[in-house]
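Please model the complete structure; the sequences and the hints are all you need to start from.
Residue numbers (the working numbering), protein chains in the order written: chain A, 1 to 216; chain B, 1 to 216.
Source of the hints: derived by calculation from the structure; they are not laboratory data.
Mixed in with the good hints, there may be bad ones.
Said to hold, decoys possible - These stretches of chain A come out as covered by chain B in the derived footprint (C-beta under 8 Å, 3 or more residues):
no., region
1, 71-84
2, 99-110
3, 116-125
4, 174-184
Said to hold, decoys possible - If you anchor each label on the Cβ, the simulated ranges turn out as follows:
no., chain 1, residue 1, chain 2, residue 2, range
5, B, G60, A, A37, 38 to 46 Å
6, A, G60, B, G191, 30 to 38 Å
7, B, H177, A, S119, 25 to 33 Å
Please read these numbers as outputs of a predicted model, since none were measured by experiment.
All C-beta atoms in this analysis are idealised placements derived from N, C-alpha and C, irrespective of residue type, glycine included.
Number of protein chains: 2
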Amino acid sequence: MKLYGYFRSSATYRVRIALNLKGLPWEAVLIDLRPPASAQQTPEFRALNPQGLIPVLTDGAHTLTQSLAIIEYLEETHPSPPLLPRSPHERAEVRALALAIACDIHPLNNTRVLSYLRSPLGHDEPAIEAWYAHWIAVGFGALEQRARQLSGDGRHLYGTSVTLADVCLVPQMYNAHRFRCDVAPYPTLRGICAHLETLPAFARAAPQVQPDAPAA
Amino acid sequence: MKLYGYFRSSATYRVRIALNLKGLPWEAVLIDLRPPASAQQTPEFRALNPQGLIPVLTDGAHTLTQSLAIIEYLEETHPSPPLLPRSPHERAEVRALALAIACDIHPLNNTRVLSYLRSPLGHDEPAIEAWYAHWIAVGFGALEQRARQLSGDGRHLYGTSVTLADVCLVPQMYNAHRFRCDVAPYPTLRGICAHLETLPAFARAAPQVQPDAPAA
Numbered sequence: 001m002k003l004y005g006y007f008r009s010s011a012t013y014r015v016r017i018a019l020n021l022k023g024l025p026w027e028a029v030l031i032d033l034r035p036p037a038s039a040q041q042t043p044e045f046r047a048l049n050p051q052g053l054i055p056v057l058t059d060g061a062h063t064l065t066q067s068l069a070i071i072e073y074l075e076e077t078h079p080s081p082p083l084l085p086r087s088p089h090e091r092a093e094v095r096a097l098a099l100a101i102a103c104d105i106h107p108l109n110n111t112r113v114l115s116y117l118r119s120p121l122g123h124d125e126p127a128i129e130a131w132y133a134h135w136i137a138v139g140f141g142a143l144e145q146r147a148r149q150l151s152g153d154g155r156h157l158y159g160t161s162v163t164l165a166d167v168c169l170v171p172q173m174y175n176a177h178r179f180r181c182d183v184a185p186y187p188t189l190r191g192i193c194a195h196l197e198t199l200p201a202f203a204r205a206a207p208q209v210q211p212d213a214p215a216a
Numbered sequence: 001m002k003l004y005g006y007f008r009s010s011a012t013y014r015v016r017i018a019l020n021l022k023g024l025p026w027e028a029v030l031i032d033l034r035p036p037a038s039a040q041q042t043p044e045f046r047a048l049n050p051q052g053l054i055p056v057l058t059d060g061a062h063t064l065t066q067s068l069a070i071i072e073y074l075e076e077t078h079p080s081p082p083l084l085p086r087s088p089h090e091r092a093e094v095r096a097l098a099l100a101i102a103c104d105i106h107p108l109n110n111t112r113v114l115s116y117l118r119s120p121l122g123h124d125e126p127a128i129e130a131w132y133a134h135w136i137a138v139g140f141g142a143l144e145q146r147a148r149q150l151s152g153d154g155r156h157l158y159g160t161s162v163t164l165a166d167v168c169l170v171p172q173m174y175n176a177h178r179f180r181c182d183v184a185p186y187p188t189l190r191g192i193c194a195h196l197e198t199l200p201a202f203a204r205a206a207p208q209v210q211p212d213a214p215a216a
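Put into structure tokens, the structure is as follows:
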């Protein structure tokens with residue numbers, strides 16, 4: 001399988017973690033989001049994904065977009081180890097945690113949104129950092145409460161094993177650190193991430209160890 | 001089942017459609033999002049959903065949040081009629097269409113985001129309408145292309161029967177009209193919505209016929 005992505009893209013990071021957890025071999029195709037390359041906006045890439053967004057996963061037969069749709073596909077085609085619990089209401093709880101990140105935090109802090117705040121809206125970097133920190137605080141504040149209710153061991157966002165919720169949490173925490181957000185108010189989330197980052201599937205998916213990451 | 005929501009909330013609108021398509025009886029619990037009520041921010045409501053967001057669905061045993069997680073739950077517990085195709089790659093394509101709306105359009109144009117643009121960012125209504133129209137144009141532009149590729153009959157976003165993608169499209173088109181966005185460039189999407197809105201499950205879910213809608 002080929003995964004079109006970028007080291008810092010947190011949606012790509014989610015799919016890297018899921019592929020590693022499932023033990024599936026994959027090859028990275030680097031899509032440099034930074035201007036002037038802006039490789040996601042080229043006609044060649046838009047032929048693959050009209051949205052001009054990463055990640056895209058191809059397995060020869062199919063071309064899949066949207067990180068959560070890709071991960072549900074991997075879950076259905078490679079069910080072991082499972083990333084969703086068995087019972088429908090538990091699956092709904094895990095998906096709700098993932099969506100609370102993927103719909104309610106990440107899209108607001110995506111590169112294209114921050115670009116629009118710069119131009120045409122004319123905001124400076126402090127205003128953009130405040131915007132970023134605001135949506136992290138709103139999102140992580142609620143998620144910290146849910147983590148206290150739903151984590152079974154303080155090492156996983158839901159229950160006592162790795163789920164889709166963890167796959168979404170770690171990249172979002174990486175982004176929060178990158179934008180120097182104050183994560184002190186979220187000790188449960190920090191503890192969960194500290195554990196997950198030690199797992200090989202997560203560690204090998206980390207942005208800083210991808211081939212397109214700049215040397216330290 | 002009780003559905004906590006608001007007539008204009010497009011995430012609630014999605015769940016209303018899905019409940020109607022599945023033929024499930026449900027009772028509306030009205031959560032008035034408008035200040036000064038702001039019923040979603042009360043301690044009582046936050047005890048139900050710490051995110052302070054609608055919709056919430058309760059069925060006596062469970063309390064579920066996040067519209068797409070709720071609809072996947074309904075799909076798993078009441079599989080007929082199906083809102084997702086059978087094969088994993090087709091399911092991924094339908095979910096990707098739904099997520100292209102639920103992650104990449106809707107969250108940017110949500111009430112709380114427009115409020116932040118007003119204050120603290122200080123934008124006036126023309127700037128907010130331009131923001132709204134921008135994300136509709138970016139999102140619907142790509143979706144129109146996908147609709148041409150994936151709709152089987154010009155009456156459904158994917159294939160020839162109602163899916164989760166349609167359940168997300170109709171509320172987003174409603175919002176685009178409400179904010180007076182130019183939808184002329186999206187004839188395929190408009191044609192699909194025109195058909196879907198005639199179906200009883202969609203018609204009965206429309207904002208203007210909910211009990212909390214103001215009289216015409």
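Quick rundown of the hints versus the structure:
1. 71-84: Since three or more residues must qualify, the claim that chain B covers the region 71-84 of chain A holds, with 4 doing so at under 8 Å.
2. 99-110: Coverage by chain B holds here, the residue count being 8 at a Cβ distance below 8 Å.
3. 116-125: As far as the region 116-125 of chain A goes, the hint holds, because 4 residues have Cβ atoms under 8 Å from chain B.
4. 174-184: Since 0 is below three, the answer is violated.
5. B:G60 <-> A:A37: 38 to 46 Å: Given a distance of about 54 Å, which is not inside 38 to 46 Å, the answer is violated.
6. A:G60 <-> B:G191: 30 to 38 Å: About 33 Å separates the Cβ atoms of G60 of chain A and G191 of chain B, which means 30 to 38 Å holds.
7. B:H177 <-> A:S119: 25 to 33 Å: holds (28 Å)
Of the numbered hints stated above, those contradicted by the structure are hints 4, 5, listed in ascending order.
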